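On the provided structure of chain A, position chain B as indicated by the hints.
As they're listed, the protein sequences go chains A and B. Counting in my numbering, the first sequence runs from 1 upward without gaps. Counting in my numbering, the second sequence runs from 1001 upward without gaps.
There's no promise every hint is true.
As the list claims (entries may be wrong) - Mimicking EDC-like on lysine to aspartate or glutamate, the simulated pairs with C-alpha atoms at most 20 Å apart in a straight line are:
#1 B:K1003 <-> A:D56
#2 B:K1003 <-> A:E44
#3 B:K1017 <-> B:E1060
The set of hints was computed from the structure by calculation and includes no laboratory data. Here the structure is a predicted model, which is why all the values come from computation and not from measurement.
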Amino acid sequence: GAGVSQSPSNKVTEKGKDVELRCDPISGHTALYWYRQRLGQGLEFLIYFQGNSAPDKSGLPSDRFSAERTGESVSTLTIQRTQQEDSAVYLCASSSSSYNEQFFGPGTRLTVL
Amino acid sequence: SQKIEQNSEALNIQEGKTATLTCNYTNYSPAYLQWYRQDPGRGPVFLLLIRENEKEKRKERLKVTFDTTLKQSLFHITASQPADSATYLCALDALSGGYNKLIFGAGTRLAVHP
Chain A
1 GAGVSQSPSN KVTEKGKDVE LRCDPISGHT ALYWYRQRLG QGLEFLIYFQ GNSAPDKSGL
61 PSDRFSAERT GESVSTLTIQ RTQQEDSAVY LCASSSSSYN EQFFGPGTRL TVL
Chain B
1001 SQKIEQNSEA LNIQEGKTAT LTCNYTNYSP AYLQWYRQDP GRGPVFLLLI RENEKEKRKE
1061 RLKVTFDTTL KQSLFHITAS QPADSATYLC ALDALSGGYN KLIFGAGTRL AVHP
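With the rest of the complex left out, here is chain B:
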């Protein structure tokens, strides 16, 4: 069956460290993979998009990798800050039920402690 898996356990790290979140997928062949941030009581906000022919993408303190062989994306936040505390969702374009659409993982909650 098709699955997108993100660590359901919250990730707790100390301020200044690098946070690494994982997104694994099964039985999908996405051309794109996206990462979003969601704060409590708000809708998700787009952060980064990476294409299947890109190994790595960076934006300020954020870095995303995309390994189509491992079927995995890693999302890194360097020099983390308490303001980075949020839930992070990965999403990929998928052919599902005859429709090509964006499918979201359940998200991983990140807590950065001072």
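Chain A with its partners taken away, still in its complex shape:
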């Protein structure tokens, strides 16, 4: 079966532009996470969706970051007015519950020039 997919795989943008990253989770997975990973660093939690509950946005670093999820399907992470420090790999993961194993996508490598 299909795993978690993310698009685009690479995105190069200019400082100040908005970007939108997409995540397609595994069908039926109610939990969806977004993480940021800078080069050589660990996973930085951004946001968590669980079913139809209000998302946990506690990891979003600033109000330039937002994310949406339609039901239990696709999620988009939007970064407005990108800055160079936003350059990182953005990983999405889905899970059948809040504590079960997470399945990660391949990530989107974002470079802000």
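Frame of chain A; chain B shown alone:
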């Protein structure tokens, strides 16, 4: 404060030896603890899950222990191979900010030398 600590220093071992990685946590009471492997340029991949009522779990050359008194999990790779070289992350389910979700440690890099 709540913390998950993994050794930030890389672990270097010789092929054939047993690698042991440590995950310590503070101010969490997880029901589950998981270990993942991450290769450069890729997302983490799930390896093992251990429940709080399990002391030990094995899968092929991997063994995980979970000591809720010490608040520690140990991850062992026996008969290590250069292909085992990667970063290993522990994760636990935690109630944080009103949400029950999986929280990751920063990971420990393992290098197995021929």
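Outcome of the hint check:
A distance of roughly 19 Å separates the Cα atoms of B:K1003 and A:D56; the hinted pair therefore holds under the 20 Å criterion. For the hint linking B:K1003 to A:E44, the alpha-carbon distance of about 14 Å falls within 20 Å, and the restraint holds. The suggested pairing of B:K1017 with B:E1060 holds, with an alpha-carbon distance near 15 Å, which does not exceed 20 Å.
Comparing the model with each earlier hint shows no violations; every hint is respected.
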